[in-house]
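Q: Take a look at the letters that make up each chain.
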Amino acid sequence: MDAIILQILNGLDKGSAYALIALGLTLIFGTLGVVNFAHGALFMIGAFCAVTFSKMLSFSHTIIDETQKDFLGNPLKVDVPYIHDLFGQATGNAIIDWAVPLSILFTIPVMIGIGFVMERGLIKHFYKRPHADQILVTFGLAIVLQEVIKYFYGANPIPTPAPAVFAGSFDFGAMLGFDANSIIYPYWRLVYFAFSALIIGAVFAFLQFTTFGMVVRAGMADRETVGLLGINIDKRFTIMFGIAAAVAGLAGVMYAPINSPNYHMGMDFLVLSFVVVVVGGMGSLPGAVLAGFLLGILESFASMAAVLEIIPGINQIIIYLVAIIILLTRPRGLMGRKGVMEE
Amino acid sequence: MAILEVKNVGKRFGGLQALGDVNLNIAENSCHAIIGPNGAGKSTLLNCLVGKLTPDTGSVMFDGQSVLGRKPYEINQMGISRVFQTPEIFGDLNVMENMMIPCFAKRDGAFRMHALESIGQERDIIAKAEEMLVDMKLIDKREMQASSMSRGDKRRLEIAMCLAQDPRLLLLDEPTAGMARADTNNTIDLLKQIKEERDITIAIIEHDMHVVFSLSDRITVLAQGTPLVEDTPDKIKGHPKVREAYLGEIQEAA
Amino acid sequence: MFGLNKKDTGILLVVAFLALAAPFILNPFPEGSAMAQFNAGYPDLMQRLVIFGIFAIGFNILFGLTGYLSFGHAAFLGVGSYAAIWMMKLLTMNVVPAIIVSVLFAGLFSLLVGWISLRRSGIYFSILTLAFAQMSYALAYSVLTPITGGETGLQPKYDDPRILDGTLEAGQSPRANLFGLEMNDGFELAMGNWVFTFNAGYYIAAVVMLIAFYLSIRIFRSPFGMMLRAVKSNQQRMNYTGLNTKPYTLAAFVISGMYAGLAGGLLVAMDTQVGAERMFWTASGEVVLMTILGGAGTLIGPVLGAGFIKYMENIVSKINKSVLEQWFAFMPDGIEDVMIALVYPFVGKGWHLTLGLLFMLVVIFLPGGLVEGGQRIAKMFRGKKASDDTTDASKTPAE
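Protein chains in written order, with my numbering: chain B, 27 to 369; chain L, 101 to 354; chain D, 1023 to 1421.
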């Protein structure tokens, strides 16, 4: 029992990331009708926003500290982050410690900006082109984005720690009455799950309760009719693309402490997120979220030693296997609507 | 002798009863029109005949064999060809190639792996395709890309492609929809000619009463998913029930 | 000739000439000159040019004709490679059985993948093929390690059973051969400052490529090829013309899978080793790019595209900072530094950046690929010439 709970918990953080990326993918697909292979790159850029922001916070200048001596007896040179000058040492260190959560504020405008530029500059011209062209051009863009990141940040993963407060683990076992330490779960992963749930909730609330969201949903259902009503749907769709980019970026920022950002993490997640979208049903938002968590948890169950003993290697392929089975038995995915991408 | 027998066919989409209880016999070598207001279930009925939809109840027999549960290509190989509302042709291919494909389908069936033969060697296919193009006055355009033809020519090509298979039943789904008057008249003349020259049964769904009354031997009026009345064109014109349900539109069109 | 019309025979002869004369054509610069680094006439690169040509020719039969965009063809190439290497380990170092078996296995595997993936079309098809390829890659890396060698990959060793060949002494390395003719046999021809390398392996690969290309022309010009183009154009009409599209697309899929397997087998024949990374999905993306860059649906496009990409990859990757410094040495210091800073990200290790940009530029501006580009230029010249003629004609009466 405790092992099962542990696996469900383990699946949650990866599932959250899948769900967030898949949500953006399906939003873009549902509204703009574009298959965006560069969406994983947006997730990756989000993670590098965290890296950049914490680097920016630690920008330092060197001062000579007369009170301290190095081993030769000369005054010691000390690097002092500018942030200490601004807020004092204690607050400054706290800010640096909290760099990842704080970088959310930095990431949102950056990602929305990138989303706008991408949509206006490139994607817009591909609405009328075949899906194959959309796939190919965004595939090219994904390569370019990841190579640019690689050029500036190098090929190695960059550790980006969570605030020290979240460094420990939470003992679910003790709480639920199992043996102590039987189910331990890092705090940050809990934070990530809660954060994802919040974002997902916000996106749904936004689409459900605002006029803007209503129009977008109507547009997803029937683009032409909404266009005929004289509503400028294109402008709203641009904004939608920005939001989808921001969601992917936020998923990336908060994921940075879980998995040190590297330039190819986007591609790694993208392939799986596509599978998630397809399993959930192309163009279905609840489907994307459901399938994201489902596959995340399934993947973590498949990695259990007991399971691997019976079917070795199943953890590597379980998601693809499930996707293939689902596509063959329920071609529209778990919650797909009729008529979306049937041909 | 009925070539197509539709018995008690019903089809429901969610809460909507698209077809109630349709009974319909189409006599061999006749031209049978199915008319009715929008939403009467004409297209649903047609789709049930060609295998695009499977009816919930009832049976559809073509020449003594059931078509239900068969795929569109199998039904076509039985001898039913379909002309679409907007011409469905191979837009990327040229006119001659468009014409050759049904000839191959007629000769070789649903699939044949003739990957190392050369098209140029298929003299019988070429001859037949050319003959059809001459018949349909499309031979001048044989090298033209099909998508760049006029709408009237596309329609003509589509009908020619269907006829190249020597079908026993030709289904036409609003063949003159969206056409200018001249093109419509040309299409009527073409269909009349086909009717006279070939042993073929034609079933036509049409909005344009002019087309219906110029071509058909019998007319079925469909309303709300059930046949209201079936009779000869003359009788249909004067039928009180039809007047009530439909005539406003007839006068408008005329 | 060979049942082809004049124009196709012409294309075949051009490709045959290019392939057979490649050691000359690709080595235009004299040895030791500054431009010698752009020479591509060495066996290893030439072999890859023609082998990836085969891969792209096959991919084009599926994507170019039917429009089905597979994102998983590298899996078939990988399966072909593994099959070939096992033949070399178990049976003989002769490449003939290796290549036959690689085509066979890739064909069987593509039959399975195609049979499932082709139940869906459009984006779903692309994702299904991608899922299969990624699954194969993951398996090759982990569970199937006993068969695939996992991360280290496989290569023939002296103590492999190899029932048809005699046993080798310890330390002796097994060499791939064609009935005794070793793949790395060859000779060098020195003419003045030029050195041309003729390599047995390359010519064997080139001949196989020519046969593969010839078959693809035959397929393009066959009724079957026409049916495939019809599938791309209008599936609805196909169905209502009594044609079953499924076996047509499946046949195209398997044929292209066999071409991929052939390429995989040849890769092993030329360089007797294989690793799972050749099944990675970026490798699948690369063949898509080759086909599109050259011109999907055209005969010669994939050959050009594969040649162009592999050549560029090789040359661009070799350019490093000191080469750039050499190039821009004639400029004033400041400008030189700026130029180097601007160009440097795109060369050397930055090849993938260039590749990605190329990908985007081609899809955006030249969806028909190099072939379309060539046609446009040709048309421009012809158009100019034609207008010249008319002006001449209009002048004449005035005189």
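Read the hints as simulated data drawn from the structure, not as lab findings. Hints should not be assumed to be uniformly reliable.
Covered stretches of chain B, going by a simulated chain D footprint (3 or more residues, C-beta under 8 Å) [stated by the list, open to error]: (1) 76 to 82; (2) 173 to 185; (3) 297 to 310; (4) 340 to 350.
Using N, Cα and C, we set each Cβ at its ideal position, and we do this for glycine too.
Q: For the segment 173 to 185 of chain B, does the count of residues with a C-beta closer than 8 Å to a C-beta of chain D reach 3?
A: It holds: at least three residues are needed, and the segment 173 to 185 of chain B offers 3 whose Cβ sits within less than 8 Å of chain D.
Q: Counting residues of the segment 76 to 82 of chain B that have a beta-carbon nearer than 8 Å to any beta-carbon of chain D, does the count reach 3?
A: Not satisfied, violated; 0 residues make the cut.
Q: Do three or more residues of the segment 297 to 310 of chain B come closer than 8 Å to chain D, measuring C-beta to C-beta?
A: holds (count 5)
Q: Is the listed coverage of the segment 340 to 350 of chain B by chain D valid when you require three or more residues with a beta carbon under 8 Å from a beta carbon of that chain?
A: holds (count 6)
Checked against the numbered hints above, the structure breaks only hint 1 and satisfies the rest.
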